[in-house]
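Number of protein chains: 2
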Amino acid sequence: MSKKPLILVINDDGITAPGIRTLIKVMNSIGDVVVVAPDGPQSGMGHAITVNSTLFIEKITVDDGPQQEYSCSGTPADCVKLAIREILDRKPDICVSGINHGSNASINVIYSGTMSAALEAGIEGIPAIGFSLCNYNWNANFEACKAAVKTITEQVLKNGLNEGVVLNVNIPNLEEKDLKGIKVCRQARANWEEEFDKRQTPFGKDYYWLTGKFVNLDKGEDTDQWALDHGYVSVVPVQFDLTAHSSIQQLNSWELNGK
Amino acid sequence: MSKKPLILVINDDGITAPGIRTLIKVMNSIGDVVVVAPDGPQSGMGHAITVNSTLFIEKITVDDGPQQEYSCSGTPADCVKLAIREILDRKPDICVSGINHGSNASINVIYSGTMSAALEAGIEGIPAIGFSLCNYNWNANFEACKAAVKTITEQVLKNGLNEGVVLNVNIPNLEEKDLKGIKVCRQARANWEEEFDKRQTPFGKDYYWLTGKFVNLDKGEDTDQWALDHGYVSVVPVQFDLTAHSSIQQLNSWELNGK
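Quick note, the sequences are listed as chains A and B, same order. Numbers in the working numbering are just positions in the first sequence, counted from 1, shifted up by 8. Numbers in the working numbering are just positions in the second sequence, counted from 1, shifted up by 8.
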């Protein structure tokens with residue numbers, strides 16, 4: 009058996025997206041790569057899983073790289089589950105997801121299919137990283153991401169991650185020479201100010217498109233959004249124990265049991 | 009204007025599900041109720057949002073209660089966004105989501121459309137609660153939930169919640185007389201041991217159904233799963249800042265910038 013690490017590659021933009029093709033190329037230089045990715049775009053799927061429908065997997069060849077590839081009809085989280093239970097012979101040494109076309113920094117982590125794949129792998133006890141480039145364009149330039157993606161992946165393989173923690177890595181949309189470095193950060197407090205674009209169907213029925221703008225409410229200089237705005241690659245350790253431990257005492261003072 | 013609280017009611021099982029009909033009845037006894045819920049089941053949608061498709065809203069009447077109701081073609085998170093931006097005249101005093109048909113305790117919070125609606129409201133600064141009954145049956149008995157749902161909602165209206173925190177409430181599948189009380193908890197460490205049921209289409213192609221069993225890996229007596237197993241309603245404060253603050257120092261010791 010090869011002594012190279014076994015690397016599971018996933019994304020949410022679909023198996024043919026330029027972002028995952030770049031990620032596969034970088035991972036081929038590190039280990040043995042198996043790709044299990046959605047057969048089409050799944051952005052904004054959050055942590056969806058397919059419970060009421062069937063799942064199809066197809067072994068495919070997209071380019072001439074050494075990786076093995078499977079396209080899947082399900083969500084990113086489904087892909088992780090199927091990879092582990094049905095495709096891989098052994099537990100992968102690492103799972104990398106992305107490179108997403110668009111930011112998953114700050115509150116976007118909540119909506120992210122890219123990060124949900126990483127979280128799903130983390131729940132299975134696999135060190136995992138989600139990578140995103142802050143450019144929504146299909147034809148974004150992913151070349152500048154390669155060095156940071158490789159460095160961070162190698163550091164995770166070398167050092168491991170704490171139990172219950174995965175990494176959310178975002179890369180600013182810059183030329184490689186303009187990247188300032190890699191910064192460990194916390195998630196910025198931010199939200200989307202949505203606006204709905206209200207229209208009418210040709211048959212007179214109202215409908216809506218979701219639009220909106222991202223608003224950073226956080227002035228801290230230790231946040232992922234600050235790092236990205238200042239030319240750094242941001243690395244946020246993300247946990248899936250969502251308990252707000254600091255609120256437990258407050259809630260215990262409430263009259264919940266007729267006291 | 010009425011001095012009663014304005015209550016936004018959402019769910020992920022669809023607007024006609026018995027769980028939301030029970031929740032509406034309880035909320036009608038507390039305040040002015042506006043329902044904005046999916047037109048069909050959305051379970052397992054996680055925190056999905058509809059970014060690449062249109063959204064339809066329809067004002068409907070389901071029963072003879074005083075509530076206003078809107079059915080929506082989108083996900084639970086879409087419903088919250090549409091309610092706030094397009095339907096309600098003012099910010100609701102509270103948002104309640106559910107009552108979900110099935111547990112959202114422990115790791116299920118990650119996959120939960122019910123909780124994603126509550127989180128979305130929380131991101132908007134609205135106190136929010138997700139309620140779930142530990143019975144997946146459409147015809148589950150929701151009567152026993154009513155007292156706990158009312159108590160917890162009234163306590164949130166009275167005391168408020170810390171910024172960035174929403175409540176994940178799960179109710180064991182018991183008769184009301186057998187409920188032991190309400191317990192504030194942390195999220196249990198658990199996962200799903202998935203198995204895929206592999207079949208063939210009539211045309212000879214393999215496909216899979218996702219199945220699996222829930223495994224509680226946490227022996228603590230302060231967890232939601234422990235509370236539910238011992239007859240208590242569990243209340244977990246949940247946060248949407250996913251930063252694993254305790255890992256930041258570890259990551260800062262890594263060689264991320266060629267040092």
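Heads up, a few of these hints could be off.
When chains are identical, the list treats them as one kind, so a pair holds in a single copy or across two.
Said to hold, decoys possible - Computed list of lysine to aspartate or glutamate pairs in EDC-like fashion (alpha-carbon distance at most 16 Å, straight line):
| # | residue 1 | residue 2 |
| --- | --- | --- |
| 1 | Lys213 | Glu66 |
| 2 | Lys206 | Glu94 |
| 3 | Lys11 | Asp97 |
| 4 | Lys227 | Asp237 |
The hints are simulated quantities; they were obtained by calculation from the structure and are not laboratory data.
Against the structure, the hints:
1. Lys213 to Glu66: between (40 Å within a copy, 10 Å between copies)
2. Lys206 to Glu94: between (44 Å within a copy, 9 Å between copies)
3. Lys11 to Asp97: within (15 Å within a copy, 62 Å between copies)
4. Lys227 to Asp237: within (12 Å within a copy, 43 Å between copies)
Of the numbered hints stated above, none is contradicted by the structure.
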